[in-house]
Amino acid sequence: MHNDTPRRALGRLGRPAILAAAVALACGASAQAPASPPAQAIDPARLMQGFPPPPAYRIHIDNWQQYPQKIWSFQHTRELFPTRRLAPVGPARPLPVALRALDDLQVGTPEAPQTWPQMLAATHTDAVLVLHQGRIVDERYFNGMKPDTAHLMFSASKSMAGLMAAVAVAEGRLDENARVGTLLPELAGSAWADATVRQVMDMTDGVEFTEVYTDPKSDIFAYIGAMGWAPELQDPGKPRGIQAMLPSLKRTHPEPRGTAFRYRSPATDVTAWLAARATGLSLTAWLQQRLWSRLGMEHDGNVMLDPSGTEVAFGGVSASVRDLARLGQMLLQRGRVGREQVIPASVVDDLARGGDVRAFEAAGMPHRKGWSYRSQWWVNPNPPHSFAAMGAFGQRLFVFPEAEMVVVVFGSHPQPIAALVDPSHQRAFTALIQRLSAR
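Take 2 as the starting number for the sequence shown in our numbering and just add one per residue.
Some hints here could point you the wrong way.
[Stated by the list, open to error] Simulated restraints, written as ranges between beta carbons of each label pair:
1. Asn64 x Asp350: 18 to 24 Å
2. Asn64 x Ala179: 23 to 29 Å
3. Pro118 x Gln342: 35 to 41 Å
4. Arg340 x Gln290: 17 to 23 Å
[Claimed, not checked] In silico BS3-like links for lysine-lysine, alpha-carbon gap of 27 Å or less:
5. Lys251 x Lys239
6. Lys218 x Lys239
7. Lys251 x Lys218
None of these hints come from the bench; they were simulated from the model.
Yeah, the Cβ is synthetic: ideal placement off N, Cα and C, and Gly gets one too.
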């Protein structure tokens, strides 16, 4: 790879630059927002239509993150990348329907009034489902989405890996105080070696890794090149594949481990590796065994693989909106589905309590004051209290324990900046809770 490849990539918004931004900003890592993409003359409804589709309407690995091409690609990851299937087992668990009239729900501000449907359109929503007390009160699909469509979750996938690791800890298979280098000898010579499992799960491990997508020398470019999302960034002189890249990280930050939260995607891939080594199951196998086989899932999901066959734990899970809602409802019920305890209640209680608020403050996210990060989940203790899986371009699974509400949102926002959707979502979810709790 030539030295100027990242610079040329950065000059084409919507290719590796925005891809790296997706990784770095999937849930709020601080960076400057790129300029808005130019207006597109492409009709999203015609994407990948015809044989062959006209060149402007073809989706491939070089344009899958451009807008509006991403509207199609986020719903068709299996046609773009190698994946492992997640298959439902047995009859689907019904989701009772008790639709509420929400079109008039005001979710904006006094200065900028906005209804619930207007907010969904403004944030480029592909699908939304709201469960209240276990019943569907709102369910909408846009941009070709259907109930059985598996949509890419981006960094909401991190929470799936975190859940697997947290369950392994709760069941005594993984020691959260153990050192990574002891459990994964492959990382014994890396910066991960002396970090504890818990520090990696909570992203307070102190490993130095830059996700500054405006810097062509940032570590993220080599990482996404190695794991297959941007082949033009693959350097033949560097490792290929996620597990080959992780040992190459050698430096740590000056602060003591465990004292500062730093949002970095490789920590998720280490978390998934630790959980797989402890359980003897890959991330896909664990999701299949623990969730898709026991929650009454209705549709296929999938997990993306890197060129070496390793799961892209930090951002490669796809699922349908209804099945992700079933997962959220299970968490709302403290891990129970019917008479079966699918995951330990202690795991859910730990997520709901959250992590180290002081460590989180070190990340410098003033728009998330008081929040924390626990086992790859985002925790907001402020009313309405929630814990959430969050991913770039508007992917969200929110669980509101006290409000008995679960919200799933899939999106294809032109940009991966969390600040472009978070304020709208927070206002809307608060308004939903007020409407649904009113007698």
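How the hints compare with the structure:
1. Asn64 x Asp350: 18 to 24 Å: Hint violated: Cβ distance 44 Å, outside 18 to 24 Å.
2. Asn64 x Ala179: 23 to 29 Å: 43 Å, violated
3. Pro118 x Gln342: 35 to 41 Å: At 38 Å between Cβs, range holds.
4. Arg340 x Gln290: 17 to 23 Å: Because 19 Å falls inside the window, the suggested range holds.
5. Lys251 x Lys239: 14 Å, holds
6. Lys218 x Lys239: Holds - the C-alpha atoms of Lys239 and Lys218 are around 14 Å apart, at most 27 Å.
7. Lys251 x Lys218: 16 Å, holds
Hint violations for this structure: numbers 1, 2, all remaining hints satisfied.
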